[in-house]
Amino acid sequence: MPAPKGGPTMTAVNLFKQVSPSVYLIVAAKSEAALQSGKSVYEGSAVAITPTLALTNCHIIKGRRAVVLVQNKKMDAGIVVASDPRSDRCVIASQRMKLHPVSGVRPYSDVAVGEKTYSIGNPSGLVGTLGEGIVSGLREQRGVRYVQTSAPISPGSSGGGLFDEHGNLLGITTFKIDDAESLNFAIAAEDYWGKPKPKKHRSRAKTDDEK
Amino acid sequence: MPAPKGGPTMTAVNLFKQVSPSVYLIVAAKSEAALQSGKSVYEGSAVAITPTLALTNCHIIKGRRAVVLVQNKKMDAGIVVASDPRSDRCVIASQRMKLHPVSGVRPYSDVAVGEKTYSIGNPSGLVGTLGEGIVSGLREQRGVRYVQTSAPISPGSSGGGLFDEHGNLLGITTFKIDDAESLNFAIAAEDYWGKPKPKKHRSRAKTDDEK
Amino acid sequence: MPAPKGGPTMTAVNLFKQVSPSVYLIVAAKSEAALQSGKSVYEGSAVAITPTLALTNCHIIKGRRAVVLVQNKKMDAGIVVASDPRSDRCVIASQRMKLHPVSGVRPYSDVAVGEKTYSIGNPSGLVGTLGEGIVSGLREQRGVRYVQTSAPISPGSSGGGLFDEHGNLLGITTFKIDDAESLNFAIAAEDYWGKPKPKKHRSRAKTDDEK
Numbered sequence: 001m002p003a004p005k006g007g008p009t010m011t012a013v014n015l016f017k018q019v020s021p022s023v024y025l026i027v028a029a030k031s032e033a034a035l036q037s038g039k040s041v042y043e044g045s046a047v048a049i050t051p052t053l054a055l056t057n058c059h060i061i062k063g064r065r066a067v068v069l070v071q072n073k074k075m076d077a078g079i080v081v082a083s084d085p086r087s088d089r090c091v092i093a094s095q096r097m098k099l100h101p102v103s104g105v106r107p108y109s110d111v112a113v114g115e116k117t118y119s120i121g122n123p124s125g126l127v128g129t130l131g132e133g134i135v136s137g138l139r140e141q142r143g144v145r146y147v148q149t150s151a152p153i154s155p156g157s158s159g160g161g162l163f164d165e166h167g168n169l170l171g172i173t174t175f176k177i178d179d180a181e182s183l184n185f186a187i188a189a190e191d192y193w194g195k196p197k198p199k200k201h202r203s204r205a206k207t208d209d210e211k
Numbered sequence: 001m002p003a004p005k006g007g008p009t010m011t012a013v014n015l016f017k018q019v020s021p022s023v024y025l026i027v028a029a030k031s032e033a034a035l036q037s038g039k040s041v042y043e044g045s046a047v048a049i050t051p052t053l054a055l056t057n058c059h060i061i062k063g064r065r066a067v068v069l070v071q072n073k074k075m076d077a078g079i080v081v082a083s084d085p086r087s088d089r090c091v092i093a094s095q096r097m098k099l100h101p102v103s104g105v106r107p108y109s110d111v112a113v114g115e116k117t118y119s120i121g122n123p124s125g126l127v128g129t130l131g132e133g134i135v136s137g138l139r140e141q142r143g144v145r146y147v148q149t150s151a152p153i154s155p156g157s158s159g160g161g162l163f164d165e166h167g168n169l170l171g172i173t174t175f176k177i178d179d180a181e182s183l184n185f186a187i188a189a190e191d192y193w194g195k196p197k198p199k200k201h202r203s204r205a206k207t208d209d210e211k
Numbered sequence: 001m002p003a004p005k006g007g008p009t010m011t012a013v014n015l016f017k018q019v020s021p022s023v024y025l026i027v028a029a030k031s032e033a034a035l036q037s038g039k040s041v042y043e044g045s046a047v048a049i050t051p052t053l054a055l056t057n058c059h060i061i062k063g064r065r066a067v068v069l070v071q072n073k074k075m076d077a078g079i080v081v082a083s084d085p086r087s088d089r090c091v092i093a094s095q096r097m098k099l100h101p102v103s104g105v106r107p108y109s110d111v112a113v114g115e116k117t118y119s120i121g122n123p124s125g126l127v128g129t130l131g132e133g134i135v136s137g138l139r140e141q142r143g144v145r146y147v148q149t150s151a152p153i154s155p156g157s158s159g160g161g162l163f164d165e166h167g168n169l170l171g172i173t174t175f176k177i178d179d180a181e182s183l184n185f186a187i188a189a190e191d192y193w194g195k196p197k198p199k200k201h202r203s204r205a206k207t208d209d210e211k
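Protein chains in written order, with my numbering: chain P, 1 to 211; chain U, 1 to 211; chain F, 1 to 211.
Be aware that one or more of the hints could be misleading.
Identical chains share a label here; the pair holds if one copy fits it or two copies do between them.
Claimed, not checked - Heads up, simulated EDC-like pairs for lysine to aspartate or glutamate below, C-alpha to C-alpha not over 16 Å straight-line:
1) Lys-17 / Glu-115
2) Lys-30 / Glu-43
3) Lys-116 / Glu-165
4) Lys-62 / Asp-84
5) Lys-62 / Glu-43
6) Lys-176 / Asp-88
7) Lys-5 / Asp-110
8) Lys-98 / Asp-76
9) Lys-5 / Glu-165
10) Lys-62 / Asp-88
In case anyone wonders, no lab produced these hints; they're calculated from the structure.
Just so we're clear, the structure is a prediction, and the values are computed from it rather than from any experiment.
Bound-form chain P, shown alone:
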């Protein structure tokens, strides 16, 4: 896992310039033919962590064999190289296109309620949409750790990135609570690298959640 970057915080303007190239549009369909025709095409987002790998949500690509990564008019077919549908964590590899990886990833146990956050994704076809908010809570549900945030997400944001003020990846924006305001959830980025979960940390997460 890439180490988190420290140093001075960035303005939102600079953060967007530095970080948005790491967030890709995913276009997925049942077949190549469907993708070409543009019918029943599903859109989501993915975040590059190496020049070939990007993190995303499984629900974007489930049952859709034709998957394309798009950014800045370049595109490439993507192959699912790791998947855990139960927790909605999937990893995609680009075939030929060199991806622009994020510069750092934050461990979940370092994240504090109240930290400033930025969401970058492609909601409603609006490519490269920037939102801001804070960490609203730290939650664990059925063994999956989430950063709860007030940074806006919408359909199409799935698989997008939640970042801190240094441009470090905090999580992958995955779902929101319906009929509620700004109750949004990102799967802990750290948990895409296996799930060590030391005992000490697990008990702390339970206290936060109080369920």
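Following the hints, put chains U and F in place on chain P, whose structure we already have.
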């Protein structure tokens, strides 16, 4: 009424640590039996202002005789000691559990449109959710004074706290306008201590509202 | 077009005091009689750019001959002096009331994703509501340029102002995407002064939009 705290503003991270222990989860049901069974249980929030008293909204506990205050795995039965259902202001007393009161309360006439705000409550069962926003307006409706805020609230936030950057209580988050974005309202905290409303202030509130 | 103001940024409290007098409530109805009766009355917002002219959206006043500009208990009939219904840009002139113009207007090409924004309008009859957010994107659709923002808007915000941290007008808040979170759009203020659109800029906007 506790005097408001001044001094330097807090970061959201520190504010949450200091202030969230004063916000309690309320669980209410028609009877003890219903509460135990967990059926038709209603959830809301309350904010401690003394070691025994907490402010909340009447609509959380109306018609529900079994009321419990919960925080950090501790709980206690609550008794309604004052109520004004028309304005939705109710005060609950804990029986045995010592509450953690807020450190300061802001008079309504001091609050300015544009000030930073934080909402802390338990929306959708998400205990201790932090939101941020600003004061969007100052309104008076049928004799009740409200702080209008863009800080997010959702079902379950009722009875929660709206705070300023010093951790002072501004109001009790009470309702939001449906099918609108971030039009949320907190009853002025000051108005839980009777309602002096000097003439000068009343006329100013009317001008703000222009209704 | 008024030049944009530079210098130090304002706090939200000061910005609201300085800028909100330039944002007017529009009340519109099919006829004078309908307006007087208060039935089928439509509300929106408008932003003064000179002592007699205010920018707004055509959809507020379309098919409604009786139009009134209101602020701080003063009101005056408004006359549509320029209109481009396709792009929803309309300009209203006050008859006798002297308007309070904004102090500066930002050219669209200067605006950067990530900049702090403030929305001021009259959503849901809440006169002079302040919201804050950031520039989430810069989009061009069918020849119209928009500032996409996370600053909240709601029905009644139409025709209101989107401002930067110096109190300069960025755009006129016009529409939002339904069933989504904080995907709001303001027509570029600059485009109310004709539409020069140099080639260089157009190509940049296309890249941002990627449609």
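At most 16 Å between alpha carbons: which applies to Lys-17 and Glu-115, within, between, both or neither? between (20 Å within a copy, 12 Å between copies)
Go through the copies and call it for Lys-5 and Glu-165: within, between, both or neither, with a Cα cutoff of 16 Å. The answer is within: 10 Å in one copy meets 16 Å, while 28 Å across copies does not.
Within, between, both or neither: how does the pair Lys-5, Asp-110 come out at a Cα-Cα threshold of 16 Å? within (13 Å within a copy, 30 Å between copies)
With identical chains treated as interchangeable, where does the CA-CA distance between Lys-62 and Asp-88 reach 16 Å or less: within a copy, between copies, both, or neither? Cα proximity of Lys-62 and Asp-88: one copy only (10 Å, versus 41 Å across).
How do Lys-62 and Asp-84 come out at 16 Å by Cα distance, when the copy is not named: within, between, both, or neither? within (11 Å within a copy, 45 Å between copies)
Check Lys-98 against Asp-76 for me: Cα-Cα at most 16 Å, and say if that holds within a copy, between copies, both or neither. Only inside one copy: Lys-98 and Asp-76 sit 9 Å apart there, 58 Å across copies, limit 16 Å.
Which holds for Lys-116 with Glu-165 at a C-alpha limit of 16 Å: within a copy, between copies, both or neither? Answer is both: 6 Å inside a copy and 15 Å across each meet the 16 Å cutoff.
At most 16 Å between C-alpha atoms: does Lys-176 with Asp-88 qualify within a copy, between copies, both, or neither? within (14 Å within a copy, 29 Å between copies)
Between Lys-30 and Glu-43, at a C-alpha cutoff of 16 Å, which is it: within one copy, between copies, both, or neither? within (12 Å within a copy, 43 Å between copies)
Intra/inter-copy verdict for Lys-62 and Glu-43 if alpha-carbon distance must be at most 16 Å: Classified as within; 12 Å inside a copy, 36 Å across copies.
Of the hints listed earlier, there is not a single one the structure fails to meet.
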